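K.L.:
Each chain, written out:
Number of protein chains: 2
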Amino acid sequence: MDIRAETDRRAGEIEAVIRSYLPGEEGPQKIVMEAMNYSVLAGGKRLRPMLMQETYRMFGGRSEVIGPFMAAIEMIHTYSLVHDDLPAMDNDEYRRGKKTTHAVYGEALGILAGDALLNYAYETALLAFEIEPQNTGIVKALRILAKKAGIYGMVGGQAVDITSEPAKDLTREKLDFVYRLKTGALLESAMMIGAVLAGATVGEQKIMEETAGAIGLAFQIQDDILDLTGTTEDLGKPAGSDEKNHKATYVTFEGLEKAKADVARISEQAIAHMDTLVVRNEFLTELLRYLISRAS
Amino acid sequence: MDIRAETDRRAGEIEAVIRSYLPGEEGPQKIVMEAMNYSVLAGGKRLRPMLMQETYRMFGGRSEVIGPFMAAIEMIHTYSLVHDDLPAMDNDEYRRGKKTTHAVYGEALGILAGDALLNYAYETALLAFEIEPQNTGIVKALRILAKKAGIYGMVGGQAVDITSEPAKDLTREKLDFVYRLKTGALLESAMMIGAVLAGATVGEQKIMEETAGAIGLAFQIQDDILDLTGTTEDLGKPAGSDEKNHKATYVTFEGLEKAKADVARISEQAIAHMDTLVVRNEFLTELLRYLISRAS
Numbered sequence: 058m059d060i061r062a063e064t065d066r067r068a069g070e071i072e073a074v075i076r077s078y079l080p081g082e083e084g085p086q087k088i089v090m091e092a093m094n095y096s097v098l099a100g101g102k103r104l105r106p107m108l109m110q111e112t113y114r115m116f117g118g119r120s121e122v123i124g125p126f127m128a129a130i131e132m133i134h135t136y137s138l139v140h141d142d143l144p145a146m147d148n149d150e151y152r153r154g155k156k157t158t159h160a161v162y163g164e165a166l167g168i169l170a171g172d173a174l175l176n177y178a179y180e181t182a183l184l185a186f187e188i189e190p191q192n193t194g195i196v197k198a199l200r201i202l203a204k205k206a207g208i209y210g211m212v213g214g215q216a217v218d219i220t221s222e223p224a225k226d227l228t229r230e231k232l233d234f235v236y237r238l239k240t241g242a243l244l245e246s247a248m249m250i251g252a253v254l255a256g257a258t259v260g261e262q263k264i265m266e267e268t269a270g271a272i273g274l275a276f277q278i279q280d281d282i283l284d285l286t287g288t289t290e291d292l293g294k295p296a297g298s299d300e301k302n303h304k305a306t307y308v309t310f311e312g313l314e315k316a317k318a319d320v321a322r323i324s325e326q327a328i329a330h331m332d333t334l335v336v337r338n339e340f341l342t343e344l345l346r347y348l349i350s351r352a353s
Numbered sequence: 058m059d060i061r062a063e064t065d066r067r068a069g070e071i072e073a074v075i076r077s078y079l080p081g082e083e084g085p086q087k088i089v090m091e092a093m094n095y096s097v098l099a100g101g102k103r104l105r106p107m108l109m110q111e112t113y114r115m116f117g118g119r120s121e122v123i124g125p126f127m128a129a130i131e132m133i134h135t136y137s138l139v140h141d142d143l144p145a146m147d148n149d150e151y152r153r154g155k156k157t158t159h160a161v162y163g164e165a166l167g168i169l170a171g172d173a174l175l176n177y178a179y180e181t182a183l184l185a186f187e188i189e190p191q192n193t194g195i196v197k198a199l200r201i202l203a204k205k206a207g208i209y210g211m212v213g214g215q216a217v218d219i220t221s222e223p224a225k226d227l228t229r230e231k232l233d234f235v236y237r238l239k240t241g242a243l244l245e246s247a248m249m250i251g252a253v254l255a256g257a258t259v260g261e262q263k264i265m266e267e268t269a270g271a272i273g274l275a276f277q278i279q280d281d282i283l284d285l286t287g288t289t290e291d292l293g294k295p296a297g298s299d300e301k302n303h304k305a306t307y308v309t310f311e312g313l314e315k316a317k318a319d320v321a322r323i324s325e326q327a328i329a330h331m332d333t334l335v336v337r338n339e340f341l342t343e344l345l346r347y348l349i350s351r352a353s
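Protein chains in written order, with my numbering: chain W, 58 to 353; chain Z, 58 to 353.
Where hints are given, some of them may not hold.
For identical chains, the list gives no copy identity; a pair is met inside one copy or between any two copies.
What the hints assert, rightly or not - In silico DSS-like links for lysine-lysine, alpha-carbon gap of 27 Å or less: (1) Lys304 - Lys87; (2) Lys304 - Lys156; (3) Lys87 - Lys315; (4) Lys263 - Lys156.
Think of the hints as simulated: they come from the structure by calculation, not from any bench. None of these values were measured; they are calculated from a predicted model.
Whenever a hint applies, use it, and build me the whole structure from the sequences.
P.N.:
Take a look at the structure:
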């Protein structure tokens with residue numbers, strides 16, 4: 058399997074699913090819908106919905122009920138980027154080579170489009186009840202999504218991240234917290250929701266949560282490594298930005314060699330953990346390896 | 058009944074319910090929880106949860122299942138105020154005589170606390186499934202909340218409002234749209250959710266939606282009148298701000314006398330509409346009259 062080509066192909070399919078759940082651009086409030094759709098369609102690997110869908114398939118899920126949740130998690134991920142890019146936050150004018158939402162639509166609509174996407178994520182996820190009214194996993198999936206996206210998840214991680222600059226405030230303990238919540242929590246929800254909606258047991262859900270958490274951590278450490286060792290061209294964003302911003306990272310605390318070894322160790326352990334399940338999804342295993350392979 | 062004293066007393070009870078659903082202030086992300094709680098507890102008439110609870114009671118609702126939704130709608134109302142007050146939006150440093158959230162915690166945390174409240178509103182509303190798992194109205198209530206808070210409701214109204222300044226852009230048609238959605242939609246959801254959770258029929262839900270929409274409109278027109286005729290002391294905010302900001306209002310289009318007559322007419326029609334129901338809630342009727350009485 059050419060994992061890179063296969064991942065790209067599936068990302069295209071997932072984008073079509075997401076697109077089918079985006080709002081129409083009509084009515085006096087059309088401008089905010091345009092800003093939402095611009096934000097979601099500005100690119101991205103569609104990693105969260107992909108992990109969700111593959112986990113769902115691994116546990117035998119075969120219906121369209123996963124679609125609203127795939128769109129919802131991408132909307133939540135997107136809103137977090139739109140708000141992170143605002144002048145009061147990271148103040149980024151470009152992301153993945155495209156103008157950020159507030160750079161195109163202005164700051165007020167940047168805030169509002171983010172709010173709109175977060176709210177629309179729930180409006181969308183609730184459509185799952187229409188597709189499979191008898192699926193008792195939907196309520197649990199909604200609760201997982203809300204918890205992992207909120208103050209005990211992603212928003213909690215962001216809060217610590219933005220209040221811990223300059224670098225001297227960022228202790229190793231806080232760094233772990235930010236890594237676990239800011240990126241890890243939403244990845245965990247992706248894989249847990251896939252498992253829950255397919256009817257996996259609580260034990261199986263737990264293994265997927267732990268796998269996702271570990272992969273999220275490996276992914277973040279690899280990001281720190283690449284920021285130091287990659288070129289701006291490779292990364293699609295300025296290399297060396299952490300050093301320039303005096304930002305403490307995993308590499309600052311552990312050193313480059315240890316960080317590289319940890320990425321390999323953590324991700325292999327995560328995959329081994331998932332392999333203790335009786336069900337298998339070869340593509341998912343390959344995908345997790347591919348995600349962290351850029352670092353080695 | 059001394060409606061003013063009774064409304065204040067019930068607002069106090071409602072605040073206790075809301076408080077019971079606010080997050081604890083602990084963990085490394087404590088600061089965002091503090092900013093959320095500061096925002097929600099900074100005052101307010103608790104009008105939306107009050108209308109929800111009284112509608113729920115009117116249709117015979119007697120359980121605690123309404124509590125999570127009362128807290129959720131107040132969180133959504135609060136997040137919208139927190140974001141509206143941001144420098145990129147209305148840039149207000151004070152609200153009801155208290156410093157706004159971003160004025161206390163900084164702009165980044167103002168954005169994040171608003172996001173956190175919106176997300177936590179759904180996390181909270183989902184708790185209703187634990188209280189009354191068999192209540193099939195909960196899913197419908199969630200869908201009403203999400204729709205009325207989002208781009209087809211409050212956020213849609215805000216989008217038109219912020220993109221229609223200066224006044225020349227605000228046509229009468231757009232003004233109606235903003236009034237109907239920016240404030241009206243959330244009031245509609247309050248009364249609809251109360252009805253749905255108590256098991257009201259679709260026809261009854263519709264009457265409550267229409268009543269709330271009309272009361273919301275009367276309430277907004279009255280606000281425009283008071284901005285012109287009230288004193289800063291009466292209002293608790295600067296009088297004459299619409300004129301100062303060259304903001305077109307209902308009074309600009311219709312004149313002061315017509316506006317006053319319309320408030321009385323629209324609100325009495327709304328109450329008469331609600332009175333066509335076989336169920337009654339005397340306090341709710343008095344409350345709706347009281348809400349718009351300040352304008353006459």
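K.L.:
Work down the list of hints and note, for each, if the structure agrees.
P.N.:
Checked hints:
1. With identical chains, the CA atoms of lysine 304 and lysine 87 are at most 27 Å apart between copies only, with a shortest distance of 22 Å across copies and 39 Å within one.
2. Within a single copy, lysine 304 and lysine 156 get their C-alpha atoms as close as 24 Å, which meets the 27 Å cut-off; across copies the closest is 32 Å, which misses it.
3. In the homo-oligomer, the alpha carbons of lysine 87 and lysine 315 never lie at most 27 Å apart, since the shortest distance is 50 Å inside one protomer and 32 Å across protomers.
4. Taking CA atoms no more than 27 Å apart as the test, lysine 263 paired with lysine 156 passes in neither setting, with 39 Å inside one copy and 43 Å between copies.
Violated hints, in rising order: 3, 4; the structure is consistent with all others.
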